[in-house]
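Undergrad: These protein sequence lines are chains A and B, in that order.
With the UniProt record's numbering applied, the first sequence corresponds to residues 1 to 252, in that order.
With the UniProt record's numbering applied, the second sequence corresponds to residues 1 to 65, in that order.
Just so you know, the hints here were simulated from the structure itself, not pulled from any lab data.
A hint or two may mislead.
The calculated label-pair distances, taken between Cβ atoms and stated as ranges, are [to be verified]:
1) Ala117/A x Gln47/B: 22 to 30 Å
2) Arg42/A x Ala22/B: 13 to 21 Å
3) Glu226/A x Ser30/B: 55 to 63 Å
4) Gly154/A x Gln38/B: 50 to 58 Å
5) Pro160/A x Glu23/B: 29 to 37 Å
6) Arg42/A x Arg2/B: 42 to 50 Å
7) Ala117/A x His29/B: 50 to 58 Å
8) Val10/B x Arg164/A: 26 to 34 Å
9) Val23/A x Gly7/B: 27 to 35 Å
10) Ala51/B x His69/A: 36 to 44 Å
11) Asp4/B x Ala117/A: 55 to 63 Å
12) Gly154/A x Ala13/B: 44 to 52 Å
13) Gln38/B x Pro234/A: 31 to 39 Å
Partial pick of chain B residues on the chain A-facing surface, computed with a CB cut under 7 Å [claimed, not checked]:
14) Pro27
15) His29
16) Ala32
17) Ala34
18) Gly53
19) Leu59
20) Ser60
21) Met62
22) Gly64
Heads up, the beta-carbon is just placed ideally off N, CA and C, and yes, glycines get one too.
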Amino acid sequence: MFYGVDLTSRLMLGTAQYPSPHVLQQAIAASGAEVITVSLRREGADGAAFREILAASGARVLPNTAGCHSAVEAVTTAQMARELFGTNWIKLEVIGHADTLQPDPFALVEAARSLCADGFQVFPYTTEDLIVGEYLLEAGCEVLMPWGAPIGTGHGLRNPEGLRAMRAHFPDVPLVIDAGIGAPSQAAQAMEMGFDAVLLNTAVARAGDPVAMARAFGAAVQAGREAHDAGLLPPRDMAHASTPILGLAELA
Amino acid sequence: MRIDLNGAPVDTAAATLADLIAERDLPEHSVATALDGQFIPRTARAQARLAPGARVEILSPMQGG
Chain A
1 MFYGVDLTSR LMLGTAQYPS PHVLQQAIAA SGAEVITVSL RREGADGAAF
51 REILAASGAR VLPNTAGCHS AVEAVTTAQM ARELFGTNWI KLEVIGHADT
101 LQPDPFALVE AARSLCADGF QVFPYTTEDL IVGEYLLEAG CEVLMPWGAP
151 IGTGHGLRNP EGLRAMRAHF PDVPLVIDAG IGAPSQAAQA MEMGFDAVLL
201 NTAVARAGDP VAMARAFGAA VQAGREAHDA GLLPPRDMAH ASTPILGLAE
251 LA
Chain B
1 MRIDLNGAPV DTAAATLADL IAERDLPEHS VATALDGQFI PRTARAQARL
51 APGARVEILS PMQGG
C-alpha cells in the first residue's frame, strides 16, 4: 500500500534509456508495472512521442527529481512536476555526489519536510541508514526507497544485512528497493527479504531485448513476493536428509 | 530584451511568462515553468513579468528512472 494505493504488480519501471519509444511501450506492458517513473526536462526531439506513450500506458506516473543536488532545486522541480503530471506523488532524489549518485541525506530530509508539508506524497530515494529513515518518516514520508546499489551499477543488493536490518526496523513502512538492480534474481532476492516493491530502469532498458527482460523482471518480482508470503526455509548449518530414513533397505 | 531561456540567450518582446509561451508557440498545458529559480504555476504566468537577464525554465515531461 503506497499512500493508500494498492498495487497488483510490485515492480516499478523507469522509462529512460530505451532504444525507442516503441520498445519502451512494449516493455511497460510486458513488465506488468503499474507505476512508471518520469522526469522533467527541457524539451527534446522525442517529447511528443513520449507524452503519447504516457497517456497510452495506463500506468500511474511517479515523477522524479533526478539530477537535483540541493533541497531547493528538488522542491522547485517537484512543484513543476505536480502541475505537469497532475499527481502529488514525487520520487525525491537529492544527489550528494555526481560520481557516486549517492543521496545527500541532509538535503533529502530538508526537502522531504518541505514537500510533505505542502501536500506531496514523497517517495524518498535514500540509503539503508536507519536514522535517516526515521527522520524521513518524522518529516511525513509514508514510504522509504533504499538503494540496492548505486544507480545504474547493476550490483544488486550490495548490503543485504543492512537492508534486512532496515526491513526489520520498519516492519509497517512500505519499503521499495530503488536503484542498482541488475538481474531478475536480485529483484527476487529483494522481494524474498520482504521488501514491498522494486524500482528499476537500466537493467531493462539496456538489456539486449528490453521487452523480454521486462517480462523476466515482472515474473521474478512476483516469484519473490510469493516466496516471501509462503514462508522461506531458514538456512541451517548442518545437512538434513529430505528423504525419510524410515523403511530404508539394508543392502550391505 | 535578452533573457536566458532553458540555458540559452534569447531575444524576446514578451513582457510576461505567458507572453513568452505564446510567442514561442509552446503548448501551455504541457509545460511547467520557473522564473529565476522559482516555480511559477500556470495560473500565475500572466502576472510573472520578465526583466532583462531573467532566467526562465520551460520544462516538459521526459523519460526518467
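Undergrad: Now look at each hint and say whether the structure bears it out.
TA: For each hint, the structure was consulted:
1. Under the hint 22 to 30 Å, the C-beta atoms of Ala117/A and Gln47/B, about 25 Å apart, fit the expected range.
2. Look at Arg42/A against Ala22/B: about 19 Å separates their beta carbons, and that is inside 13 to 21 Å.
3. The hint said 55 to 63 Å for the Cβ distance between Glu226/A and Ser30/B, and at roughly 40 Å that hint is violated.
4. Separated by about 38 Å at the C-beta atoms, Gly154/A and Gln38/B break the suggested range of 50 to 58 Å.
5. Between Pro160/A and Glu23/B the beta carbons are some 55 Å apart, a value that contradicts the proposed interval 29 to 37 Å.
6. Separated by about 18 Å at the C-beta atoms, Arg42/A and Arg2/B break the suggested range of 42 to 50 Å.
7. Distance hint check: the CB atoms of Ala117/A and His29/B are about 27 Å apart, inconsistent with the given range 50 to 58 Å.
8. A C-beta distance of roughly 53 Å is found between Val10/B and Arg164/A, which places it outside the suggested range of 26 to 34 Å.
9. Checked against the hint of 27 to 35 Å, the pair Val23/A and Gly7/B passes, with Cβ atoms roughly 30 Å apart.
10. As the Cβ distance of Ala51/B to His69/A is approximately 26 Å, the hint placing it in 36 to 44 Å is violated.
11. Checked against the hint of 55 to 63 Å, the pair Asp4/B and Ala117/A fails, with Cβ atoms roughly 31 Å apart.
12. Distance hint for Gly154/A and Ala13/B: a CB-CB separation of about 50 Å, consistent with the stated range 44 to 52 Å.
13. For Gln38/B paired with Pro234/A, a C-beta distance near 54 Å fails the hint of 31 to 39 Å.
14. For Pro27/B, the suggested interface contact is broken, since its CB lies about 9 Å from the closest CB of chain A, more than 7 Å.
15. At about 9 Å, the closest approach between the beta carbon of His29/B and any beta carbon in chain A exceeds 7 Å, and the interface hint on this residue is violated.
16. Interface restraint check for Ala32/B: the shortest CB-CB distance to chain A comes to about 4 Å, inside 7 Å, so the restraint holds.
17. Interface restraint check: Ala34/B against chain A, minimum CB-CB distance 6 Å, threshold 7 Å, status holds.
18. Restraint check, Gly53/B versus chain A: the minimum CB separation of about 19 Å is more than 7 Å; hint violated.
19. At about 4 Å, the closest approach between the beta carbon of Leu59/B and any beta carbon in chain A falls short of 7 Å, and the interface hint on this residue holds.
20. For the restraint placing Ser60/B at the interface with chain A, the shortest Cβ-Cβ distance is roughly 4 Å, inside the 7 Å limit, so the hint holds.
21. Because the smallest distance between the Cβ of Met62/B and any Cβ of chain A comes to about 4 Å, under 7 Å, the interface hint for this residue holds.
22. With 7 Å as the threshold, the beta carbon of Gly64/B comes within range of chain A, its nearest partner Cβ sitting at about 3 Å, so the hint holds.
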